[in-house]
Amino acid sequence: MKKNTNNDIKLGIFISAGLLVLIISLYVIGSKQNFFGSNFYVRARFANAGGLVPGNNVLYSGIQAGTVSDIEIIDDTTIEVTLLLNKKIKPYIYSNSLVSIGNDGLMGNKIINITPNSTPASHIEDNGLLMTQSGSNMDQMMQTLSYTNENAMAITSELKETTTRINNDNTLWTILDDTMVAKDLIASVANLRASTARINEMTTTLDLILKDIHQGKGTIGTLLTDDDIANDIQQAVQDIDRVAVSAEVAIRTLDSTVQQLRTGMTTGGSMAHTVIGDTAAANSLKRSLQHIEKGTDRFSESMEALQHNFLLRRYFKRKARNEKGKE
Amino acid sequence: MTRFIGRYLRELVNPRYEVRAFIHQCYTIGYSSLALIGTTGFIMGLVLTMQLRPSLIAYGVVSQLPVMVSLAIVREIGPVISALIFAGKISSSIGAELGSMRVTEQIDAMEVSGTNPFKFLVVSRVLAATLMLPLLTILSDAIALYGSYLGVNIKGHTSLQLFFSDVFDALHYGDVMPALIKTFFFGAAVGLIGCYKGYNSSKGTAGVGLAANSAVVASSLAIFIIDLLAVQITDLLGLN
Numbered sequence: 001m002k003k004n005t006n007n008d009i010k011l012g013i014f015i016s017a018g019l020l021v022l023i024i025s026l027y028v029i030g031s032k033q034n035f036f037g038s039n040f041y042v043r044a045r046f047a048n049a050g051g052l053v054p055g056n057n058v059l060y061s062g063i064q065a066g067t068v069s070d071i072e073i074i075d076d077t078t079i080e081v082t083l084l085l086n087k088k089i090k091p092y093i094y095s096n097s098l099v100s101i102g103n104d105g106l107m108g109n110k111i112i113n114i115t116p117n118s119t120p121a122s123h124i125e126d127n128g129l130l131m132t133q134s135g136s137n138m139d140q141m142m143q144t145l146s147y148t149n150e151n152a153m154a155i156t157s158e159l160k161e162t163t164t165r166i167n168n169d170n171t172l173w174t175i176l177d178d179t180m181v182a183k184d185l186i187a188s189v190a191n192l193r194a195s196t197a198r199i200n201e202m203t204t205t206l207d208l209i210l211k212d213i214h215q216g217k218g219t220i221g222t223l224l225t226d227d228d229i230a231n232d233i234q235q236a237v238q239d240i241d242r243v244a245v246s247a248e249v250a251i252r253t254l255d256s257t258v259q260q261l262r263t264g265m266t267t268g269g270s271m272a273h274t275v276i277g278d279t280a281a282a283n284s285l286k287r288s289l290q291h292i293e294k295g296t297d298r299f300s301e302s303m304e305a306l307q308h309n310f311l312l313r314r315y316f317k318r319k320a321r322n323e324k325g326k327e
Numbered sequence: 328m329t330r331f332i333g334r335y336l337r338e339l340v341n342p343r344y345e346v347r348a349f350i351h352q353c354y355t356i357g358y359s360s361l362a363l364i365g366t367t368g369f370i371m372g373l374v375l376t377m378q379l380r381p382s383l384i385a386y387g388v389v390s391q392l393p394v395m396v397s398l399a400i401v402r403e404i405g406p407v408i409s410a411l412i413f414a415g416k417i418s419s420s421i422g423a424e425l426g427s428m429r430v431t432e433q434i435d436a437m438e439v440s441g442t443n444p445f446k447f448l449v450v451s452r453v454l455a456a457t458l459m460l461p462l463l464t465i466l467s468d469a470i471a472l473y474g475s476y477l478g479v480n481i482k483g484h485t486s487l488q489l490f491f492s493d494v495f496d497a498l499h500y501g502d503v504m505p506a507l508i509k510t511f512f513f514g515a516a517v518g519l520i521g522c523y524k525g526y527n528s529s530k531g532t533a534g535v536g537l538a539a540n541s542a543v544v545a546s547s548l549a550i551f552i553i554d555l556l557a558v559q560i561t562d563l564l565g566l567n
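Protein chains in written order, with this note's numbering: chain A, 1 to 327; chain B, 328 to 567.
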């Protein structure tokens, strides 16, 4: 009897475990397909369903949100897809959210992607219609790949032609075979490297100089940064301005004088005309000046004679001593 | 055989029900087979994973290993292998037991004593086999998937949560329910064939051995035929 009871307990555990595994499995599978919990429907219309079948997954921003419930042909250009979505994501789906058909991996099943739109809109209603956009499908990818292949073929063809021409060109191979060219090239590279190093040094030095100038060091730095010098220069410029004004006035005066002189020469009544234009008067003036010069020379001789006269000799000696004492 | 099945169905619905005999057979047929079928399931899950892995690596889809293994185990390998093991253990056991009872005239004695030997011996065994094989298959599938998880982690690393998430992502009711339903038919076939062969065994010790042997062979063949029919039906229903 006791053995029967033990067997019954074991059998009960066995059956319970089996049923528990079955129930949990069915619940998990069902919840993955939104068979449990509250759901709602939305619709989307496509021109091409692209192989979509009921049961395909629906992702909202990459998160599992539901499954494709039904696919119906509305007319020859419109396929209506009904989506069964989890009610938890309803607050995040707006009427302008975009629906597209994609692939779950390169070789995976078709999926529906719902992408939120940045522009504001009202929440989607039950059985509401969402906007669609055409996603990338395999045909488009193949077309792009075909175009790329054609380009690659053209490029390789040209590359082949270029390579053939290079192979048939003796000049290039002569250059490549010439060891002197290689040596020259190495030397050129070495020179280039040395030049680059020197340019680097120069750049560093120039940078230091610019830093010094910026900090006001040196003549140029002082010129560029010292406010006093700037003020002095400004003052000098103002003085130059004033001098220029004065010079302009002087030039005008001189111009006026020259004008008067010219007028006088033209009219003949002036002293200048007499001196410059009248030859007899000029000669007379010349003779008068000669007479004055002769008179001055005789006056100098007379004064010399007076210095040696005994009456005035003491006076001149005393004068000479006084001048010497002052020096 | 047809008359045997017809009598079974009549006796199944007619009272009085042999509940105690049925529970005892559930223990003998179901619980006693769990260790064997569970071990087989574990090995199948592990081996299948390790065999599939190199091929999937070659195609660059090794991440799909849980998906492929789960579909293979739940849809086909779990039910069929469990049923074959079940047939090897239970059908031969039932055939030999009933054959011995027939040879030793215990069945005739039951009829003389007023007990319905068909209800007591056949109905309880067939019903127990019909109900226990699905439970054994469910547990075997679960153990096989755990074996597959260990197989995945022998040369790679996948968390238990990710593995079973992939498994349940891949599975749908269309995968689980047909597989579960056909195990009822597998169990019924194993029980019916075992009982038929044993109940109708010829006299003599050779008849017992022949009943046990032919019960296993016929049960195994019946399992494959039922599986073939089940696949055709699920295909017609669009569940594949």
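Don't read these hints as lab results, they were simulated from the structure.
Note that the structure is a prediction, hence the values are computed from the model and not measured.
C-beta: ideal position from N, C-alpha, C; glycine also.
A hint or two may mislead.
[Unchecked claim] From the structure, some residues in chain A lie toward chain B, with a derived Cβ separation under 8 Å: (1) D8; (2) K10; (3) F14; (4) I15; (5) G18; (6) V21; (7) L22; (8) V28; (9) I29; (10) A49; (11) V53; (12) N56; (13) L59; (14) S61; (15) K87.
Going through the hints against the structure:
A distance limit of 8 Å between C-beta atoms decides the matter here; for D8(A) the minimum to chain B is near 7 Å, and the interface restraint holds. Because the smallest distance between the Cβ of K10(A) and any Cβ of chain B comes to about 5 Å, under 8 Å, the interface hint for this residue holds. Given the 8 Å rule on beta carbons, the hint for F14(A) holds: about 5 Å separates it from the nearest Cβ of chain B. Taking 8 Å as the C-beta contact cut-off toward chain B, the hint placing I15(A) at the interface holds, the least distance being around 6 Å.
Using the Cβ-Cβ criterion of 8 Å, the hint placing G18(A) at the interface with chain B is satisfied: the shortest such distance is roughly 3 Å. With a cut of 8 Å, the hint placing V21(A) at the interface with chain B holds, because the nearest CB-to-CB distance is about 5 Å. With 8 Å as the threshold, the beta carbon of L22(A) comes within range of chain B, its nearest partner Cβ sitting at about 5 Å, so the hint holds. A least Cβ separation of about 5 Å between V28(A) and chain B falls short of the 8 Å threshold, and the interface hint therefore holds.
For I29(A), the suggested interface contact is upheld, since its CB lies about 5 Å from the closest CB of chain B, less than 8 Å. Because the closest C-beta pair between A49(A) and chain B is about 17 Å apart, greater than 8 Å, the hint is violated. Proximity of V53(A) to chain B is violated relative to the hint, the smallest CB-CB distance being about 10 Å (cut-off 8 Å). The beta carbon of N56(A) comes no nearer than 11 Å to any beta carbon in chain B, farther than 8 Å, and the hint placing it at the interface is violated.
The beta carbon of L59(A) comes no nearer than 12 Å to any beta carbon in chain B, farther than 8 Å, and the hint placing it at the interface is violated. Because the smallest distance between the Cβ of S61(A) and any Cβ of chain B comes to about 18 Å, over 8 Å, the interface hint for this residue is violated. Here the hint on K87(A) is broken, as its CB sits about 21 Å from the closest CB of chain B, past 8 Å.
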